Structure formats: structure tokens, C-alpha cells
Amino acid sequence: MVELRGNIRVFCRVRPHPASAARCLAGGSSLALTLDNKEHSFAFDKVFGPGTSQQQVFDSVSELVQSALDGFHVCLFSYGQTGAGKTYTMSGGNTPEQQGLMPRAVNQILDSVVQLTEQEWQYTLSASCIEVYNNTLRDLLAEGAGSKPEAGRISDANAIKHDAAGGHTVVIGANRLPVTDAASAAALMARASEARACEATAMNAVSSRSHCVFMLYIAASHASTNTHLTGSLCLVDLAGSERLDRSMVEDMRKREACSINQSLSALGDVFAALSSKTSHVPYRNSKLTYLLQPCLGGHGKTLMFVHINPEPASAQESLCSLKFAAKVNGCETAARGGARRNVTQGSASAALVSAGLASACLRLAALMLTQVMYTGGREHACCTQLCRCTASSIVCNASSNQPALKYVGTKLCCSPACVPSYWY
Numbered sequence: 085m086v087e088l089r090g091n092i093r094v095f096c097r098v099r100p101h102p103a104s105a106a107r108c109l110a111g112g113s114s115l116a117l118t119l120d121n122k123e124h125s126f127a128f129d130k131v132f133g134p135g136t137s138q139q140q141v142f143d144s145v146s147e148l149v150q151s152a153l154d155g156f157h158v159c160l161f162s163y164g165q166t167g168a169g170k171t172y173t174m175s176g177g178n179t180p181e182q183q184g185l186m187p188r189a190v191n192q193i194l195d196s197v198v199q200l201t202e203q204e205w206q207y208t209l210s211a212s213c214i215e216v217y218n219n220t221l222r223d224l225l226a227e228g229a230g231s232k233p234e235a236g237r238i239s240d241a242n243a244i245k246h247d248a249a250g251g252h253t254v255v256i257g258a259n260r261l262p263v264t265d266a267a268s269a270a271a272l273m274a275r276a277s278e279a280r281a282c283e284a285t286a287m288n289a290v291s292s293r294s295h296c297v298f299m300l301y302i303a304a305s306h307a308s309t310n311t312h313l314t315g316s317l318c319l320v321d322l323a324g325s326e327r328l329d330r331s332m333v334e335d336m337r338k339r340e341a342c343s344i345n346q347s348l349s350a351l352g353d354v355f356a357a358l359s360s361k362t363s364h365v366p367y368r369n370s371k372l373t374y375l376l377q378p379c380l381g382g383h384g385k386t387l388m389f390v391h392i393n394p395e396p397a398s399a400q401e402s403l404c405s406l407k408f409a410a411k412v413n414g415c416e417t418a419a420r421g422g423a424r425r426n427v428t429q430g431s432a433s434a435a436l437v438s439a440g441l442a443s444a445c446l447r448l449a450a451l452m453l454t455q456v457m458y459t460g461g462r463e464h465a466c467c468t469q470l471c472r473c474t475a476s477s478i479v480c481n482a483s484s485n486q487p488a489l490k491y492v493g494t495k496l497c498c499s500p501a502c503v504p505s506y507w508y
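Residue numbers (the working numbering): 85 to 508.
For the record, the hints were derived by calculation from the structure and aren't laboratory data.
Remember, predicted model here, so these are calculated numbers, not experimental data.
Incorrect hints may have been included.
What follows is a list of derived Cβ distance ranges for each label pair [stated by the list, open to error]:
| id | residue 1 | residue 2 | range |
| --- | --- | --- | --- |
| 1 | 124 | 368 | 31 to 41 Å |
| 2 | 202 | 362 | 42 to 52 Å |
| 3 | 245 | 352 | 22 to 32 Å |
| 4 | 349 | 118 | 19 to 29 Å |
| 5 | 242 | 178 | 35 to 45 Å |
| 6 | 203 | 266 | 14 to 24 Å |
Once the Cα atoms are required to be at most 20 Å apart in a straight line, the calculated EDC-like pairs of lysine to aspartate or glutamate come out as [claimed, not checked]:
| id | residue 1 | residue 2 |
| --- | --- | --- |
| 7 | 130 | 147 |
| 8 | 411 | 129 |
| 9 | 122 | 395 |
| 10 | 130 | 120 |
| 11 | 130 | 202 |
| 12 | 407 | 123 |
| 13 | 232 | 278 |
| 14 | 411 | 353 |
| 15 | 411 | 123 |
| 16 | 130 | 143 |
| 17 | 407 | 129 |
| 18 | 407 | 143 |
We treat Cβ as the ideally placed atom computed from N, Cα and C, and that holds for glycine.
The whole structure should be built from the sequences, with the hints applied where relevant.
See below:
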């Protein structure tokens with residue numbers, strides 16, 4: 085999961101409903117949806133049934149979130165029709181148990197920063213939150229954004245800039261505010277949530293009529309090893325994907341729905357281009373896709389949650405969402421870290437486990453790497469992609485710990501130097 089080599093990962097989450105068992109069967113990595121007495125089967129990286137807790141969902145992505153500290157650009161986004169549970173998964177409810185991915189992910193980053201600071205790492209964290217509404221950008225952290233719809237609107241058509249060196253997106257004119265602790269992070273997220281455009285539709289009494297993109301920027305340095313890392317965590321709550329005839333909207337709401345569907349269609353076009361490996365990927369067809377280009381274009385680690393409402397009346401929309409997600413599951417990327425120097429000194433999160441590196445982590449590395457046999461540097465076909473990803477990550481993190489390397493060597497009867505460079 086940490087490496088995310090190959091495809092953009094897709095998780096599916098089924099919203100609880102009394103009639104869910106009759107309409108949708110989920111478990112493990114597969115899901116079956118019945119529509120008009122016909123069963124449609126899908127396979128994803130993971131499927132969460134109606135009884136899955138918020139903690140269980142977060143546990144499945146916590147390692148991916150952690151890699152943002154190592155200079156990677158990580159993106160988690162939620163997709164699905166209105167009322168399927170997208171915002172609940174991302175933002176959560178009012179109790180600690182109901183906390184969503186956004187607060188849990190930011191809190192995990194902050195907790196890790198506290199531990200790493202004790203090991204001479206220095207961190208600077210900042211955040212921005214952008215709303216894409218009717219294909220127009222709006223800064224949700226601008227003064228007055230919660231009370232005045234026009235506040236925070238970014239009129240510059242070229243406001244989106246991609247930082248080639250750092251590998252992340254910057255929106256010119258948007259606030260980028262410091263994040264120093266859990267309280268400041270929670271305040272920013274609450275402020276953005278209050279400012280987001282929401283209206284009632286036939287599908288949901290409080291429907292988000294915009295896409296919300298929360299970006300946490302991470303800069304780290306370690307003076308004694310001259311190591312510098314830049315990473316980011318992008319958390320995206322997309323607007324509902326339903327058709328106009330189901331949302332029963334009129335006038336302004338109809339314009340909003342058309343804009344939402346156009347941007348989601350543009351997102352689908354990007355995924356289709358990535359899947360077919362065409363030379364041109366239409367990122368610029370919408371503000372949403374251009375904003376997410378660094379994450380979608382192979383320089384980041386991206387995971388999509390597709391949300392399903394198992395109500396019989398929502399079966400057709402659920403099927404459309406599942407078909408979209410199945411196409412995304414075939415998109416290939418090649419994640420790489422952000423700007424860094426002297427990476428041979430090891431990554432930041434490796435420092436968190438350095439004290440016990442020669443025990444639990446390297447026992448896992450040894451166990452997995454024993455499945456990879458080398459003769460004259462040639463790799464045997466039995467080595468799976470998962471084995472390469474997991475083992476290479478652990479060995480790379482252990483590269484500065486000589487006792488740990490000796491431990492691996494005794495278990496493998498070979499030197500980690502024989503591991504091909506493309507593992508890293």
C-alpha cells in the first residue's frame with residue numbers, strides 16, 4: 085500500500101441501509117450489485133461493507149498517509165452519488181468515533197511530526213482549502229467565506245500553478261495558513277466546511293454542490309544529515325455524481341448540477357487517457373482535473389473511494405459509480421517522491437522505527453525477500469509486485485543502519501546491493 089506501484093488504488097464503501105443485503109453483497113475485494121434481476125460483479129483493491137467503522141477505514145490508508153512525510157504527494161478522494169456517504173467518510177460526524185479520514189490523517193501527520201522533532205527533524209506544515217464551484221475556484225479559508233458567497237472567489241484564469249521542483253499544486257491568491265497542532269488544523273477544517281456551498285436536492289437535504297480540495301503541505305529538513313523533503317497530502321470530497329432527472333433541480337441548481345457532471349466527466353476522460361496510455365491527457369479540460377494533475381499524473385500516490393448507496397432506488401446510480409470506479413482501477417501511475425537531497429540517509433518515517441529496525445520490520449523484510457531469489461542479478465518470475473513494493477520500502481528505509489543490513493544479509497544469504505535500482 086505504501087508504494088502504490090502500478091494502478092491508482094480503488095476502495096469501495098457501502099453505506100448502511102436496512103435493505104442493503106438484498107441489493108448489494110460486499111466483502112473482501114469483491115462486490116455484487118443486483119439490478120433488474122441481473123447481477124453485476126466488480127473487484128476492487130478493497131471493499132468495505134455497511135458495518136465498517138471509521139477507524140477500520142482509516143487503518144487501511146494510514147500507511148499511505150504516512151508516506152507524505154517521506155516526500156511523496158498523496159491524494160485521497162471520494163466519489164459517488166449524493167447521499168452515498170462521501171462527506172461522512174472524508175469529514176465524519178460529531179463524535180470521536182465518527183471522525184473521518186481528513187481529521188484522522190492530519191492528526192496522524194501531526195503526531196508523527198512530534199516524534200520526529202525529537203530526532204532532530206524540523207517540520208513546517210501549512211494548509212489551503214479550495215472549492216471548485218461551477219468550474220470556478222474559491223478559497224474556503226478566505227476572510228468572510230462562510231458568510232459571503234463571493235468572498236474568496238479567485239478570478240484569475242491562470243491561478244493554478246504546478247511547482248515543478250516540489251511536485252505539488254499552488255493556487256495563486258489562495259490563503260495558505262500555518263498548521264502547528266491539532267487544534268489549529270481542526271479550526272481550519274471547520275472553517276472550510278462552513279464556507280462550502282451546500283443546497284437541498286431531492287437526493288439529499290444538505291447536498292454539497294461543489295468539489296472540496298484540502299491540501300496539507302509538508303516541508304522537512306534534518307540538519308546533521310543534510311536531508312530535505314517536501315511532500316503533501318491532498319484530501320478531496322467530490323460533489324455528487326447523480327443525473328439531473330434524479331436530483332430534480334431547477335434554475336441555479338440545474339446549472340450547478342451541469343457543472344458538477346461536466347467536471348466529473350472531465351475526470352473520467354483523464355482516467356480513460358491514463359488507462360489507454362495516450363500521449364495527451366486532457367487535464368486542462370476542467371479546473372478540477374488541472375488542480376489534481378500532479379496527483380493523477382503519476383507523480384503522486386492516489387487512492388479513490390467509491391461510495392455506494394444500496395437503496396433499491398439508487399441501484400442505477402450505484403451501478404454507474406461502480407463502472408466508473410472499475411475504469412479508474414485500470415489506470416497506471418509511477419509514484420515518485422518530492423524534492424530531496426542525500427536520500428541515502430533514510431526517510432523521515434524510517435526514523436520512527438529505527439530503534440527496532442533490526443527486529444519486527446526487518447523480519448518482515450527477510451520473510452518477503454526470501455521469496456525473491458537472485459542468480460547473477462537475474463530476478464525469478466515468482467517475485468510478485470507486492471513483494472517487491474513492501475520489501476524494497478523496508479530495505480530502503482534501513483539503508484543507513486548497518487546492523488540491520490547485516491541482519492538482513494544473514495537471513496537472505498545475499499547483499500541488499502543486489503536489489504535492482506528500479507525497486508526504489
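Okay, the hints, checked on the actual structure:
{"no.": "1", "hint": "124 with 368: 31 to 41 Å", "in the structure": "holds, 34 Å"}
{"no.": "2", "hint": "202 with 362: 42 to 52 Å", "in the structure": "holds, 48 Å"}
{"no.": "3", "hint": "245 with 352: 22 to 32 Å", "in the structure": "holds, 25 Å"}
{"no.": "4", "hint": "349 with 118: 19 to 29 Å", "in the structure": "holds, 27 Å"}
{"no.": "5", "hint": "242 with 178: 35 to 45 Å", "in the structure": "holds, 40 Å"}
{"no.": "6", "hint": "203 with 266: 14 to 24 Å", "in the structure": "holds, 20 Å"}
{"no.": "7", "hint": "130 with 147", "in the structure": "holds, 15 Å"}
{"no.": "8", "hint": "411 with 129", "in the structure": "holds, 13 Å"}
{"no.": "9", "hint": "122 with 395", "in the structure": "holds, 16 Å"}
{"no.": "10", "hint": "130 with 120", "in the structure": "violated, 26 Å"}
{"no.": "11", "hint": "130 with 202", "in the structure": "violated, 36 Å"}
{"no.": "12", "hint": "407 with 123", "in the structure": "holds, 13 Å"}
{"no.": "13", "hint": "232 with 278", "in the structure": "holds, 11 Å"}
{"no.": "14", "hint": "411 with 353", "in the structure": "holds, 10 Å"}
{"no.": "15", "hint": "411 with 123", "in the structure": "holds, 19 Å"}
{"no.": "16", "hint": "130 with 143", "in the structure": "holds, 12 Å"}
{"no.": "17", "hint": "407 with 129", "in the structure": "holds, 15 Å"}
{"no.": "18", "hint": "407 with 143", "in the structure": "violated, 26 Å"}
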